[in-house]
Amino acid sequence: MADSVPIPDANERLRALNPAQSFIVQAPAGSGKTALLIQRYLKLLACADAPEEIVAITFTRKAAAEMRARVLAALETGDKPVDGGTAHEQLNRELSAAVLQRNRQAGWYIAENPERLRIQTIDSLCAALTRQMPILSEFGAQPETIEDAADYYLEAARATLASVEQNHTIAHDVERLLEHLDNDMARIEALLADMLARRDHWLRHLHGKPREELELSLTNSRNHALQFVFRLFPEALHDELLALLRYAATNLNASGKSPEIALCDQLEALSIADAEHWQSIAELLLTQKGDWRKRISEKEGFPSGNTKAEKDAAKAWKNRLENLLNLLSPYDALREVLHDIRQLPPPHYSDKQWEILGAITRLLPFAVAQLKVIFQINGKVDFAEVAQRALLALGDAESPTDLALALDYRIKHLMIDEFQDISISQFALIEKLVAGWETGDGRSFFAVGDPMQSIYRFREAEVGLFLQARSAGIGTLILQPLTLNANFRSQQGIMDWANATFAHIMPECEDIATGAVVYTPSIATHGALAGDAVNIYPFLEKNEAAEARQIIEIILRTRQDHPDGTIAILVRNRSHLTEIVEQIKAAGLRFRAIDIELLRHKPVVQDLLALTRALINPADYVAWFALLRAPWCGLLLKDISALTEKNLNGMNKEITLWGLICDENRWQGISADASMRLRRIKEILSSCMINRRRQTLRVTVEAVWHVLGGPGYINAASIGSAGAANTLDDAMIYLDYLESQEVAGDIQDLASFEKGLVALYASPDLEADESLQIMTIHKAKGLEFDTVIVPGLGRTSRNHDKQLLRWIEQPHSQIAGEKSAAMPDLLLAPIQETGLGVDPIYTWVEKLDRGKAQFETDRLLYVAATRAKKFLHLLGHVNGTSDDHGNATPLRPLQGSLLQRLWPIVQPIYNAAATDDAMSLNRHSENRADNTISATVVSQSIFRLRTDWVLPGAPESVTWQESRDKKQIQEEIEFSWASEMARHVGNVVHRWLQKIAEDEMHNWNAARIQGMREQFTWNLIAGGISGDDQTMIYAVERIILALTNAIQDERGQWILGSQPFAQNELRISGIVNDKVMNWIIDRTFCDANGIRWIIDYKTSSHEGSALADFLDREQMRYQHQLNQYAKLMHQIDSRPIKLGIYFPLICGWREW
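For the sequence shown, the UniProt record's numbering begins at 1 and goes up steadily by one.
Don't take each hint at face value.
[As the list claims (entries may be wrong)] Simulated crosslink set (SDA-like; lysine to any residue; CA at most 25 Å straight-line):
no., residue 1, residue 2
1, K372, D200
2, K802, P764
3, K352, L161
4, K352, D801
[Unchecked claim] Restraint ranges, calculated between C-beta atoms of paired labels, are given here:
no., residue 1, residue 2, range
5, V622, H207, 47 to 53 Å
6, K299, L216, 26 to 32 Å
7, D151, S686, 44 to 50 Å
Calculated directly from the structure, the hints in this document are not laboratory data. Glycine included, each C-beta is placed from N, C-alpha and C at the ideal position.
Model the full assembly from the supplied sequences, consistent with the hints where possible.
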């Protein structure tokens, strides 16, 4: 943190460290949120009776690991002498010293037992609660938690719809839904499955609310919208508006036309309650698209007139309306609300609407019950189910369970990071954990987050819960609100722009229901830099190629001016990167892009998928055509046509392409080159097709790919050595995925296999440094870069699909700071009937939900802008210009785009670009010509191996000569102390720890490990172990214990979870002290502080007391071996190195 200027919120930061108070802290971007959280944690540790009293919760394993590492790093400074440093560093040392003193007094041994620090994810907390109370949570044995339960949702939906054929009470409701949606079974299944994925949001609402109550909610929503538009319309313009309305209505009635405006001929005053009149006003002032009118005609009640006097009078009235529109043009919020008034819902449900609403609200709980059964049968659950069962295990405030009472005793301080991302079910869990807590009872709650950075609605995050907790507390616990306003990240130029821009873009008042968040300005602690901090690049038509060229120019100029700076390209959606990535690669720029390029789109993966499908099914024509066009074969289209034209028509249409390849008599008409290529394919695939079921599918596909020349066509000369390496990595990712999905040498569900493949990403360029990175805005949250480029502002994200049921809550008090005793209004709308027009109630609720999405779009733009430390570049397009009285005027950006939200700020820049053609980067004639060429010319070239290509032979064996000066020190640790069985147990444990680490612990839990007994038994047998049943059972139990401990132990989770630059079973060789060393490192990675960790797993065990002495002896035993690892690693990595030994059987740990 900077000490160059006084910290403006220093008092708030000190208040936040008071362990006797509970706080909720709003910490805007760059305000040092995590640093404050660490200080609070250290302060609590210094006065706690035990470290376990303090529970710190995050939302990701990465965040939990980072927080733990930073706490431990801070503690390391506590015993060091104070030698200057910033005020922040001095305070950290003071807090750490107090913790270390308390550590020595109480005998905690935190350094030796860091797992005592309860820093965990909220999902792991829920899982721990259900494990402690398996009966109350109704789980029994702990099931496996999975991230993707889509198949189970679909299965539950099908089971629900199948009840229509049974004598079930729900059958009539299924029939009613089928009738409503035109018997489209597939669509209904998908709609039900989608609802099940979000059941924690709507399940609490389905409690049979009476029709009168729901219809009252509709009336209240209508009235609220009318009150809002009345409040927004300038009072000074009321009389002029009324006069114009009466004039237009009189003309329309005289002409026999009667649109909405004609209803206003006797209107004397604007009324809040008269919806029809406000809809008439909208018709007069707005176009159908919702823009202020620019052309006024007879259709709106303003005729041209016949005589000169009539024409003069008509012109005067038109001028008055034009003048009114000019005065209203700055009122964007009024324009949007007026347009919304057109869609006001009726105050009552029709009988058909009410009938289908009842059917849906009865069907959905039944579908949830079906899902619970399916979860139980499969022994797997999703995170939402774990959270719901954790709530069950805790009971409620009136009748808490034994677990809730025990936790109430054990947990004295609860801390939550990124509180703005909490979901409804997670918030309910927190409410139960702090039930009965009161200020001054020795317990405290501390939440920190930034509602302006809440951008995870797609993960069920509800920013309104942050606003609710800040205004009303949690349960009976009142929270003291604090707001930080110091920014330690961005230069003053960026903060000045952000403060001016987002104060205008974001809402004027907070709204819990819609998630409206007021902007909180920040004060920069870094001065302004020379040059423009924020640059806007206007494009007056969609031209992705021109945007990409501009980005490359920005990168090159930035690197020239700031060669040591970091650059990030941030986009809203990955699809916005296609042209940008292609042009950056073509320019020879190296970049790091994680989870950006879909693996499915890589040519090598498409070839491998075609090969897989062809080997599985000889009748898969599409796959075999792709195989013949792949580079290893490379048949021309005319040869494929000649091969198939005669043979696949008429009587021979049932023959497969593989059959054609095998029968050379059917090759008439193909070229000699094609014959040679087919003959080679035939020779290679013949034996494979016969034996393809006799080995794993991965082995078959990989072997055939190699022999066909798959790696051979990855031309390093054409795509660069790093590109070739990445392409091979992509192939290995696919083959690993194939291995994980196959069953008995086959893929049971090819559609599911390909669906899973879509979720995988290509390997990033790991040899590229971090000076240029490409990622989504969501991925960039929490990161910072010297220069940030945000392209594609004019593009929109895809529209959301229709839902079976729409719902939204609207509190009676719309301002977050106001409290109301009344329950919020609940608006429910069933999906509209197939074949009928728009359902006004569904459309209205959908519009209200879009309002929430719009507010999140504002916050997404804020997150993108505040990643920049020094310079920010924004690029976006509008779809052309219009001719406004001879002046080119940019069209309004697309609704829902980031540029649309930014438009009030940047519109003058686009107006200037439209006026001066030279300032527009995408209106040059040569750019237009480029577009024409790219649109009409498609490359017809095909890359393929040479006809005479053969698989290279294996290299000659290395001639090995023993050198008298060289000493072989591949040391073998003695196993005289252990049995042969113990050694093999260690081997199996090592193998599966490697697998768990490669999976980053995803989908690993105790239930899964318990279910792998047979697998572990076969692992031992495959290793050459035989023994009596009891010995084998004991060995398997040891494996299960070790692996279960590793995934449940906090230290094990840190080791095996997601870590930067992680590698497993890393083979390294080198010369140290004139000795050749060959080692395999079990696990290595870099932590958040840039320290390279080298970790060795040991399956040693210890019975009885004096565990610490045993671990000390083991450390001495292996210390020399790990020190040698460090010496070798130093030769290839300059980072500081720490060594560790992990003992999974006893959750032991030693580091140095």
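Right, here's what the structure says about each hint:
For the proposed pair K372 and D200, the alpha carbon gap of about 13 Å is at most 25 Å, so the pair holds. Taking the CA atoms of K802 and P764, the gap is near 35 Å; set against the 25 Å cutoff, the hint is violated. Between the alpha carbons of K352 and L161 the distance comes to roughly 21 Å, so the proposed pair stays at or under 25 Å and holds. Restraint check for K352 and D801: the C-alpha separation of about 23 Å stays at or below 25 Å, so the hint holds.
Restraint check, V622 to H207: a C-beta distance of roughly 50 Å satisfies the suggested window 47 to 53 Å. Distance hint check for K299 and L216: the Cβ-Cβ separation is about 38 Å, which falls outside the suggested range of 26 to 32 Å. Checked against the hint of 44 to 50 Å, the pair D151 and S686 fails, with Cβ atoms roughly 37 Å apart.
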